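Work out the full structure: start from the sequences and follow the hints.
Protein chains: 2
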Amino acid sequence: MLSRSHERLIQALQRRKERATRGLFLAEGVRVAEELAHSKIDLKFALASPALEDTPRGRDLLAILRKRTAVHELADPALRRLAATEQPQGVLVVASEPAASLAQIRIETASRVLVCDAVQDPGNLGTLIRSADAFGAAGVILLPGCVDAWNAKVVRAAAGSSFHLPVVSAQLDELVTWLRVHGFQIWGGAAHGEPYDAARTPARVALIVGNEGAGLRPETQALVDQAVRIEMPGRAESLNVGVAASILLYLLSQRNV
Amino acid sequence: MLSRSHERLIQALQRRKERATRGLFLAEGVRVAEELAHSKIDLKFALASPALEDTPRGRDLLAILRKRTAVHELADPALRRLAATEQPQGVLVVASEPAASLAQIRIETASRVLVCDAVQDPGNLGTLIRSADAFGAAGVILLPGCVDAWNAKVVRAAAGSSFHLPVVSAQLDELVTWLRVHGFQIWGGAAHGEPYDAARTPARVALIVGNEGAGLRPETQALVDQAVRIEMPGRAESLNVGVAASILLYLLSQRNV
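Chains as they are written, first to last, in the numbering used here: chain A, 1226 to 1482; chain U, 1226 to 1482.
Just so you know, the hints here were simulated from the structure itself, not pulled from any lab data. Zero decoy hints are in this set.
Note that the list lumps identical chains together, so a pair holds whenever it fits in one copy or between two copies.
In the EDC-like style, the derived pairs of lysine to aspartate or glutamate whose C-alpha atoms are separated by at most 20 Å in a straight line are:
1) Lys1378 <-> Glu1437
2) Lys1378 <-> Glu1311
3) Lys1265 <-> Glu1462
4) Lys1269 <-> Glu1322
Because the structure is a prediction, the values reported are computed rather than measured.
Below, the structure written as structure tokens:
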């Protein structure tokens, strides 16, 4: 049984301001819950539908969740009504937002970071975090105007990657200082840019991606040291922002192998 | 003013069965409406909010739409209520679904096609169509179980690419015959596959991508001639389906330059 106070907390955590005040977020879906259960993130409690017991994967997840936190049973329709994503797959976990700051990003000789400027679609931001993780970026930095990284839809689309690398919110001026101190060259994707060239790629690259419709704001565009183009022989004018950034992150990861 | 029959038609077109019966679809948003207005696709009518007149881009769009079809004015809140996407940006067009069959896919000496197997997320399918177009694929083929290519959210995410290349629904057996007749090697993305190698890539490749959660069905997995892996030095287990396919389509397009 779920208490009214748990229910009210979950409803509150659908709102960015409440998440920030409480330092908590919602993680929904089997894959995300598995990754969260295996992470070092502090778990507050979980809700699980009885249907989760029906599969070996579901039973494994329940076992590990129960070792780490209180698991309350809730019928699937009620769980779906409470959830922020469309298909919570019978599991919802309330957990503490990991603290993250620029100082926590571990920079090596060759490092990439991804900077998001006013990326507003939760699916796109989640995909960007997932690709940054897949291609070994040291961190993801969110400038003001981005959707909250701890929005349940972002966490879901990131498929566990939110728990693997620092996802840091920063102001533009502190970011610029940090990037300059650590010798990052700042790249922006642009149709008018130079084609990607592995031989001319520096060891430290910060890739900035902009808003889905409007692109980079003038103040972030002004920071770009190198505009880079992905060659497209077809008719589409541009790529989805998550796809464009993922291709550049992939190419950068290949160069640094 | 909008007649009740127009309104009912738009509501009907939110449903796949009604779109198929009537052979019509909804296109929403400025970019998609622009691409549609510049295509050869038959337009039935358009709705435009007065706010569209406020920008040069909006006025240009209105001018070209008016040359091609009847444009009805509708206030923004009413237009948003009727629309299938969250932000129709003041414009909605009703148009005829282009007829498309495997025979319409123009194959050249070196050709790529993208095959989607049970891709169910509209945003992912739209992104896949957009990337296939960007990287010069000859067509996109949808197997049963995919979301409808003419769903308004798919059309929106495809950003006009739906009007650039054939998007064909096909049964598995007819697809297999067609691919074999034309000498396509069938590729599937897989974590256990071979790393991508441009030197070992044949001239004609059909890339098959599967469902977001479940991957390829056993009957499509059995068709794969070559499992290909995207190297990921980071911690994420896998990529978003749209991202993974886009990276492979990009690499294939580079090889064929």
